[in-house]
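Residue numbers (this note's numbering), protein chains in the order written: chain H, 317 to 502; chain W, 7 to 376.
Source of the hints: derived by calculation from the structure; they are not laboratory data. Please note: incorrect hints may appear among the correct ones.
Claimed, not checked - Some chain W residues near chain H, calculated using beta-carbon distances under 7 angstroms:
id : residue
1  : 89
2  : 108
3  : 138
Quantities reported herein were computed from a predicted structural model and do not represent experimental measurements. Beta carbons are placed, not taken as given, at the ideal position from N, Cα and C, and that holds for glycine.
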Amino acid sequence: MGFLLGVLIGILLSRKPKLSGVVLPILSVFNTIPGIVFIGLLVLVWGAQSATVLVALGVYATFPVLKNTYAGLVSVDPQYIEAAKGCGMSAVQSLQQVELPLAMPTIIGGLRMSTVYTVSWAVLASMIGGGGLGDFIYAGISSNDNMLILMGAIPAALLAFVLGSLVDALQRRVVPKGIQRGGSAS
Amino acid sequence: MLRFEHVSLSYGSQKILDDLSFEIQEGQMAVLIGPSGCGKTTTLKMINRLIEPSAGKIYLNEEDIAAKDKVELRRHIGYVIQQIGVFPNMTVAQNICVVPTLLKYSKEECDRIVHNLLEMVNLPYEQYAHKYPSEMSGGQQQRIGILRALAASPPIVLMDEPFSALDPMTRRSLQQEVRTLQQKLNKTFVFVTHDMEEALDLADVIIFMDHGKIVQMAPPEEMLAHPASGQIQDFLGKFIDTHAQKELTAADFMRSGVSTVSANRGVNECVSKMQRRNVDTLIVVDDQDRYQGTVSIADIRLTGHVVKTIEPLIRCNTPTVHTGDSAKDCFDLLISSGAPYLIVLDEEEKVDGLITKTSMTSAMAEQLWG
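Please take these sequences and the hints and turn them into a complete structure.
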């Protein structure tokens, strides 16, 4: 969800340099607000339910993807854009066939970042009553029950691991062969 | 084929292009050249509407390009850029077929095109078609860039300093290839460069620009022979001498300041003149300075005691040439006749100079080394 939204807004911003000049600074200010505070605020407004947490996490997942999509598209070497244009590609075709594939490593880097954030905040969300795996850990810490902590920690770690592998798999699929090189986190 | 009519471009008060009008014929290789900032690349990019003129019209095959859809227009114009611009996310085959794919050619058709084109530049299909640009050298990448421009067989191909990023060796071989391709396919090429050597080698017609205007538009030979301005001459630099050699005439090769003697002079006077000048032959002229022949010391010794003047001793066996004769013919004559020198006459048959082997050699050396 957050990923798709991020990519879309990122593309939009990279097309409109004026708009991005205004929007990006605002976004990065928002980004520095700790996720937990944002979740807390939403809980105040909507009450403590898992939907609230999901929305908050979704919004936060958007930021890294958005920024990286923007950065990736803006940093595509102008020669390729000129070549695409000169070959008679329309703006959409150029984006789809040339610019997005070339920006893909950076976009995936953003996705990886947002995955990491999301998992860690999902665990922390329980602190303010959002529910989830964090409940186990929190309860374990307060009752000094190691088993309970592990019951929360191990699945959380697994979740992070599985999601990480998914991102890797995705990266192998969507990053064009011609530009693949080692790790491409940004 | 391609015609510019009073095309101008200005940004604010700054004039980039100033009333350009020219026409390029079908099948020609036209080279745009000039100092940086002269507007040559801008001119090129107007042809596929990457830049729009602020005034004037451009016609391609008698059609006003401003009336056509930009994207559609570009699909029918080949375009090769300086930085190569081969898409790194696509294989060689995909890169070549970018335009055919955009034009919705069938897959078989695309395959056939890739086969044909790779063959034309001697890159075996099996080995290269599925490589990515990052696995190839710069020269090979630019070959692919050129093939990409040719793939949909557009009637006109634009090249924007396509070889300036390559090393000299690769550049040479690619220039050759482009020339061969152009002749084989009989397409119109418009080529931008700042390298005069490249222009002279490739062009059917050179368009020299400066400050957004055409200074001279001429075939290379004509530009070399008659550069329109000192600036073009500077650009032509070292090429001007070597290429102009065929223009040299006898006048360039002769030694002037030859001493002559009138036919009515006495024998003794001639002998003393010969002694003074340390020569064995004198050139004889009549009272209007017209060439009569030569008189040699040997003849004077033999029969000098029976004649008073040198007139009866004149011989006409020394070959003569005229000042306007080509230097090469003079050279051939000098070698084949076995004569020690040639006598150069002007239009009025007056003696203008001598071509000796020494004067020839020093003139050649001067042409060669300046």
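Hints and how they fare:
1. 89: Result: holds, 4 angstroms to nearest chain H Cβ.
2. 108: 6 angstroms, holds
3. 138: 3 angstroms, holds
Hint check: no violations occur; every hint is consistent with the structure.
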